[in-house]
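*Asks:* Protein sequences, first through last, are from chains V and R.
Sequential numbering from 8 applies to the first sequence in this note's numbering.
Sequential numbering from 387 applies to the second sequence in this note's numbering.
Keep in mind that the hints were calculated from the coordinates and are not lab data.
Warning: the hint list may mix true and false statements.
[Said to hold, decoys possible] Pairwise CB distance ranges, derived in the manner of DEER restraints:
#, chain 1, residue 1, chain 2, residue 2, range
1, R, Phe524, V, Glu54, 41 to 47 Å
2, V, Val150, R, Ile626, 16 to 22 Å
3, V, Gln202, R, Val534, 50 to 56 Å
4, V, Leu15, R, Gly415, 35 to 41 Å
5, V, Gly260, R, Gln650, 42 to 48 Å
6, R, Asp673, V, Asn51, 14 to 20 Å
7, V, Leu217, R, Val534, 32 to 38 Å
8, R, Ile641, V, Val150, 34 to 40 Å
9, R, Asp673, V, Leu217, 22 to 28 Å
[To be verified] List time: in silico DSS-like cross-link candidates among lysine-lysine, alpha-carbon distance up to 30 Å:
#, chain 1, residue 1, chain 2, residue 2
10, R, Lys749, V, Lys259
11, R, Lys449, V, Lys121
12, V, Lys259, R, Lys422
13, V, Lys61, V, Lys116
14, V, Lys37, R, Lys418
15, R, Lys483, V, Lys261
16, V, Lys90, R, Lys454
17, R, Lys422, V, Lys121
18, R, Lys418, V, Lys116
19, V, Lys159, R, Lys449
20, V, Lys255, V, Lys90
21, V, Lys37, V, Lys259
22, V, Lys90, R, Lys449
23, R, Lys454, V, Lys91
24, R, Lys483, R, Lys749
25, V, Lys246, V, Lys259
26, V, Lys259, V, Lys121
27, V, Lys121, V, Lys255
28, V, Lys255, R, Lys483
29, V, Lys294, V, Lys13
30, V, Lys91, R, Lys422
31, V, Lys261, V, Lys55
32, V, Lys91, V, Lys142
33, V, Lys91, V, Lys159
34, R, Lys388, V, Lys13
35, V, Lys142, V, Lys61
36, V, Lys121, V, Lys175
37, V, Lys116, R, Lys483
38, R, Lys422, V, Lys159
39, V, Lys175, V, Lys55
40, R, Lys454, V, Lys121
Keep in mind that this is a model prediction, so the values were computed, not measured.
A virtual CB, placed ideally from N, CA and C, is assigned to each residue, including glycine.
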Amino acid sequence: MLEFFKTLDRRWIFLLMGLAVAIPILTEAKFPETPGDLSQAVFNEIEKLNEGDKVLLAFDFDPGSEGELGPMATAFVRHCCEKKLKMYFMALWPVGEQMIQQSIDNIVKADFSKLVYGEDYVNLGFKAGNEGVIKVIITDLAVLYTTDSYGKAINSIPMMDGIDNIRKMDLVINVSAGYPGTKEWVQYAVTRYPQDIRLVGGCTGVQAPLLYPYIPEQLPGLLAAIKGAAEYEKLVLDKYGHRDADGKLDEKGKYLEGQRRMGPQLVAHVLMVLLIVAGNIIYFTEKRREGQR
Amino acid sequence: MKNNSMVWLIVMIVGAALLGLRWTLASHGFGKAYVKVSQETRYRIPSTKDYPTDEPIDRWVNKAGADKQNFDVTTLPPASVQTRVTTEDTTYAEYVKAEGQGGANSNTAPGADRYEFSLSRTVGIWFAAFMTLFVMTFLVGDNPMYKVAESIFIGVSAGYWMVVGFWTTLVPNLFAKIWPSIIRDWAMPGLSSYGTHEWLYLIPLILGIMLLWRLAPKGGWISRWPMAFIIGVFCGLRLITFLAADFVSQIRSGIIPLWVKVPQLAADGTVLHDAAGNVVTGFSFWDSLRNVFLVVGVLTCLVYFFFSIEHKGVVGKTARVGIWFLMITFGAAFGYTVMGRIALLAIRFEFLFDDWLWLIDPKMHHTIVAPTSMILPFFGLG
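Kindly produce the complete structure, drawing on both the sequences and the hints.
*Replies:* Written out as structure tokens, the structure reads:
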């Protein structure tokens, strides 16, 4: 038996992991979520804003990390729309612009059609220059942004009136997949102007341990990976979700992506734990046998 | 037959059989994309705002936008009215609804919305599905399908970056500063007509040309000058930022009370005050424990990385505690990484099962029946 497990083809493990992820997706398994402190802090930061307050949504991710960050981007935009905040979208990643457009099409235009482009939301698009862009726009936005993402002159957009730098924003929300991302926003914006710029973020799992040291002074709230997205999504839906006559949540699937993707996470993590335990049992058993010889 | 060949044969047969089964059992097909074709009329209305530049800026708005500003669009000349055809993604469910009796497609009036099957987007879905499967075949072993997917990905990425770099960096950040009127006429109609030539930007243009010199057969050393400039600028920028954001700020964040007192709450959740009106505070065990852990963790990890003293005795034991903290941190980072990778796998499976095979439908895009009832027929049980 021990020999069998020791020489097990790794492709069986891949198959098991594939099934552990695929079956919960096919059965659409969902598990209850309990929001943690950090997700609650992010929610509270947005919740305490008033109607008409200005929010910069920096979408620094691409389709490669959409699985983790897409649901939190959706929840952020939904929350801002529900609160009737003025949304300024921008991206430091080239494909971030497409992620912004996707959010505008799927959420703002689809479910909040009363919001008017240029008055309630604006897409400033992608700007090359990584952290250099942040460094410039904290003091002077017009140097880099002469037009919006669609080529429209910035000074012809009503909601850009009086926005000469991003310190005019009441909150900065960053969805980050790596460099440049939340770390650079903390380093180049928050640290430079701690009184003027307040930042919350959502990041991939790989980045999360690197960002925890900034909590809570430089970063009041952080959504870490798909777990953070699911928790925040629940908070948003608990407050703003549509309910049927019986008070049961009746929401569109696009607003439940985070919670839905926690199903495969749970099963895959259980499998991972079992594999680690099994691997250790095999290792120690073998060691003991060698010792007996 | 070798073991590896047998695995490949099984993977291919099982994959083809499942696809064939799905094809046979899906009466409405799968992997199809639909679009909504509409006509949009836009109106060019003059702005009523006074801008600092006094620049006359007209805005293109739709009917709702014009109505919002109480502008009568019937007074506009024909040149200020534009009609364009737009195509946007729609769903199979919407298409079926439009095709039904009294649906949108029964309206044959010119300019009415139409829901259509999109061949190009359907090919896109199938191409993406096969590319996903080709990449996943690497788990079985390196193979030509994986190589094809990898090569396409690299080629597309390189091409995309070149185009993005040209249109988002060179054109707006360099050429538009030096020759604003030419760029406005050619590529960026939204640029201000009051823009002036900023000749200072000739310096980055020259530096950029010097950087490309390394591709020339002679004079490669010329590229070292702009490279030195880039390195110098970034070193200065990063050094200052790191010192402020990480070094000093982290030291400040590490100076925290080990005995934490928090405001006491009454039964109704309000903060308690004493007779003098001061907030009543009490010892918080968990907050204190967290702070103690934080401080001990920082100090012991620092000791571990302090190599000027041999790690023996008290220093050695402290460093050992530091290792434990580091190991727990690495474990947490590994856990997060696993979570991230599983999420990536999950979204690819979701794409295959939802957009391509139509086995699930969490967003209610292509099912007319309840989504869960689709899985059983796939296995021939429904």
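*Asks:* Keeping to a limit of 30 Å between CA atoms, is the pair of Lys90/V and Lys454/R held or broken?
*Replies:* Holds: Lys90/V and Lys454/R sit about 21 Å apart, inside 30 Å.
*Asks:* Just tell me: holds or violated, for the beta carbon distance of Asp673/R and Leu217/V against 22 to 28 Å?
*Replies:* Since the Cβ atoms of Asp673/R and Leu217/V sit about 24 Å apart, the hinted range of 22 to 28 Å holds.
*Asks:* So does Leu15/V sit 35 to 41 Å from Gly415/R, Cβ to Cβ?
*Replies:* 40 Å, holds
*Asks:* Run the distance test for Lys159/V versus Lys449/R: straight-line Cα separation, threshold 30 Å.
*Replies:* 18 Å, holds
*Asks:* Taken at face value, is the distance from the CA of Lys175/V to the CA of Lys121/V at most 30 Å?
*Replies:* Holds, at about 25 Å.
*Asks:* Please work out if Lys422/R and Lys121/V have their alpha carbons no farther apart than 30 Å.
*Replies:* 21 Å, holds
*Asks:* Keeping to a limit of 30 Å between CA atoms, is the pair of Lys422/R and Lys159/V held or broken?
*Replies:* 25 Å, holds
*Asks:* Return holds or violated for the Cβ distance of Gln202/V and Val534/R against the range 50 to 56 Å.
*Replies:* 54 Å, holds
*Asks:* Sort out whether Lys418/R lies within 30 Å of Lys37/V, counting only the CA atoms.
*Replies:* 28 Å, holds
*Asks:* Take the C-beta atom of Asp673/R and the C-beta atom of Asn51/V, compute their distance, and say whether it sits inside 14 to 20 Å.
*Replies:* 18 Å, holds
*Asks:* Mind checking the alpha carbons of Lys454/R and Lys91/V for me, to see if they're no more than 30 Å apart?
*Replies:* 18 Å, holds
*Asks:* Within a Cα-Cα threshold of 30 Å, do Lys259/V and Lys422/R meet the stated pairing?
*Replies:* Within the cut-off at roughly 20 Å; holds.
Hint check: no violations occur; every hint is consistent with the structure.
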